[in-house]
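Single-letter residue listing:
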Amino acid sequence: MAEILVLVDHVDGEVKKVTFELLTLARRHGDAAAVWVGPGYEGAKDKLAEYGAAKVYVAADEELTSYVVAPKAELLAQLVAEKSPAAVLVAATGEGKEIAGRLAVKTESGVLTDVVDVADGFVGEHSIFGGAIVSHAKVTKGTPIIAVRPNSTAPEAAPSTPAEEQVSVTLSDAAKAAKVVEKVVQEKGERPELTEAAIVVSGGRGVGGADNFKLIEELADSLGAAVGASRAATDAGWYPHTFQVGQTGKTVSPQLYIAVGISGAIQHRAGMQTSKTIVAINKDPDAPIFELVDYGIVGDLFQVAPQLTEEITKRK
Amino acid sequence: MNIVVCVKQVPDTATERKLRSDDKTLDREAADGVINELDEYAVEEALTIKEAHGGEVTVLTMGPEKASESIRKALAMGADKAVHVSDEALHGSDALSTSYALAQVLKKVGFDIVILGAESTDARTGLLASMLSERLGVPQVTLANKVEIDGSSLTAQRLTDYGFDRVEASLPAVVSVVEKINEPRYPSFKGIMAAKKKPVEKLAVADAEIDAAKVGLAGASTEVVDFADAPPREKGQIVKDEGDGGVKVAEFLASKKFI
Numbered sequence: 001m002a003e004i005l006v007l008v009d010h011v012d013g014e015v016k017k018v019t020f021e022l023l024t025l026a027r028r029h030g031d032a033a034a035v036w037v038g039p040g041y042e043g044a045k046d047k048l049a050e051y052g053a054a055k056v057y058v059a060a061d062e063e064l065t066s067y068v069v070a071p072k073a074e075l076l077a078q079l080v081a082e083k084s085p086a087a088v089l090v091a092a093t094g095e096g097k098e099i100a101g102r103l104a105v106k107t108e109s110g111v112l113t114d115v116v117d118v119a120d121g122f123v124g125e126h127s128i129f130g131g132a133i134v135s136h137a138k139v140t141k142g143t144p145i146i147a148v149r150p151n152s153t154a155p156e157a158a159p160s161t162p163a164e165e166q167v168s169v170t171l172s173d174a175a176k177a178a179k180v181v182e183k184v185v186q187e188k189g190e191r192p193e194l195t196e197a198a199i200v201v202s203g204g205r206g207v208g209g210a211d212n213f214k215l216i217e218e219l220a221d222s223l224g225a226a227v228g229a230s231r232a233a234t235d236a237g238w239y240p241h242t243f244q245v246g247q248t249g250k251t252v253s254p255q256l257y258i259a260v261g262i263s264g265a266i267q268h269r270a271g272m273q274t275s276k277t278i279v280a281i282n283k284d285p286d287a288p289i290f291e292l293v294d295y296g297i298v299g300d301l302f303q304v305a306p307q308l309t310e311e312i313t314k315r316k
Numbered sequence: 001m002n003i004v005v006c007v008k009q010v011p012d013t014a015t016e017r018k019l020r021s022d023d024k025t026l027d028r029e030a031a032d033g034v035i036n037e038l039d040e041y042a043v044e045e046a047l048t049i050k051e052a053h054g055g056e057v058t059v060l061t062m063g064p065e066k067a068s069e070s071i072r073k074a075l076a077m078g079a080d081k082a083v084h085v086s087d088e089a090l091h092g093s094d095a096l097s098t099s100y101a102l103a104q105v106l107k108k109v110g111f112d113i114v115i116l117g118a119e120s121t122d123a124r125t126g127l128l129a130s131m132l133s134e135r136l137g138v139p140q141v142t143l144a145n146k147v148e149i150d151g152s153s154l155t156a157q158r159l160t161d162y163g164f165d166r167v168e169a170s171l172p173a174v175v176s177v178v179e180k181i182n183e184p185r186y187p188s189f190k191g192i193m194a195a196k197k198k199p200v201e202k203l204a205v206a207d208a209e210i211d212a213a214k215v216g217l218a219g220a221s222t223e224v225v226d227f228a229d230a231p232p233r234e235k236g237q238i239v240k241d242e243g244d245g246g247v248k249v250a251e252f253l254a255s256k257k258f259i
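Chains A and B supply the protein sequences, listed in that same order. Position 43, counted from 1, in the first sequence is what my numbering calls 43; the numbers after and before it change by one each time, with no gaps. Position 170, counted from 1, in the second sequence is what my numbering calls 170; the numbers after and before it change by one each time, with no gaps.
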């Protein structure tokens, strides 16, 4: 079977869950060949084997992660030329999509972004216009480059013994034009990352203030969930902007999404509409969020949310 | 400083957006057009850079005649002039061919810094800035929530999943911005009036040495196979809180095995 390149998404050797989703997806259409960039492979190799990588291309040179995006695209372009893969899969994160963009230009290939599933012939499924329309698209030139949205495929283990191949690439000057001089890791505590989390609890305008976000955090922590916020809440400065879910913020697609004090304007819906199960707590029975929910409570979040947290904790 | 800011006219997200049944492209007639929201941040950043370092801000857009509305908005905010690439041959261009066309125009008009919003609200691909950087062979300083320029060097904070990267590059460069890099100004009445007199250069593909075979539906490297309305979500259960709302939600979560 033809190889499908999967760019491993990792932070300092810690492999992100989306990588296992991509490997699972790749195995359905060919041999999954993981591409590792930067230091830290030794600590992660067992994980890649567990999720069925038939091969791993290891490009360990630290220089590849010292510049913005371009070196990774250059490495992938080299592998596309040498290995003629059937497709290249990357995570549809900000950086993943930018790598896809540069690679598309280098290889004169079409690129699909924010794909939620891949069918035969590398036809990608998209959920567009805030989830109102489902469309299918395919690449008609070059090697299909597909950026897959995190949390859209259930990762399945399929233990393998991957062959390893060391890869070196001589970077062009253009690839070294934007230097990363410092990586600043912001404290995220014990909570999972927003776009990767299985459960997300978000607070909106109804939360009413920065201090009250403690209620949202406590509910999230009782479920092992990530915390999100609507634009109204981040604009008001109640919660950091990096946690904004919505059209101009992050797009999430968790198993469970709990919207607390969020009315559900299109701005917000575009970022969470593909969540599998949706629960809302809101005092306004006419709030548009209730059109989306599997379960909704019309009530005062300051009563309902702490009670829910307490009940979840009690049931553990 | 020659600052070029790329803007895109998109259908208003508050209205119902559609694809055309004939060629499966965005139906630009169905919804009101507005300037892409993140592009307003790009325009603001361009104006801020101009105010600090001098120079000129040129608005660049590609799109049908109607896209001139977004140009006017950017000019009303304070940009100096505009280039509008408009040609029937461009209809249906995907990200790869759009980046080709815009790169051709940018080579023609010249730039020290190109600024874009990180993504559009319609296609939401987030591809264009990296593609332009690759095509133009200049540094990619993208997903920035802070940009500083000192002479010909540029430093920025690039948002990442774990926090941010501090990035250094030299001009010329391609920059994309995220929300919250600034607070876009509202056009003043004076700005709106002045915008009507600012020059807008119209370019067809031939004027910008764009190969018509590489753009439009025929030049696209992706194809929409089909589309349909998303299946409606099954109507959920909505309950009024009678003092036990939290317990009821917990029961629902338990029934779904979340707890």
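Check the hints yourself; a few may be wrong.
What the hints assert, rightly or not - Simulated DEER-style distance windows between Cβ atoms:
(1) 185/B / 166/A: 50 to 56 Å
(2) 233/B / 119/A: 19 to 25 Å
(3) 62/A / 81/B: 43 to 49 Å
Keep in mind the hints are simulated off the structure, nothing from the lab. Every residue gets a Cβ at the ideal spot worked out from N, C-alpha and C, and that includes glycine.
Check your understanding: Looking at the structure, which of the earlier hints fail to hold?
Key -> none
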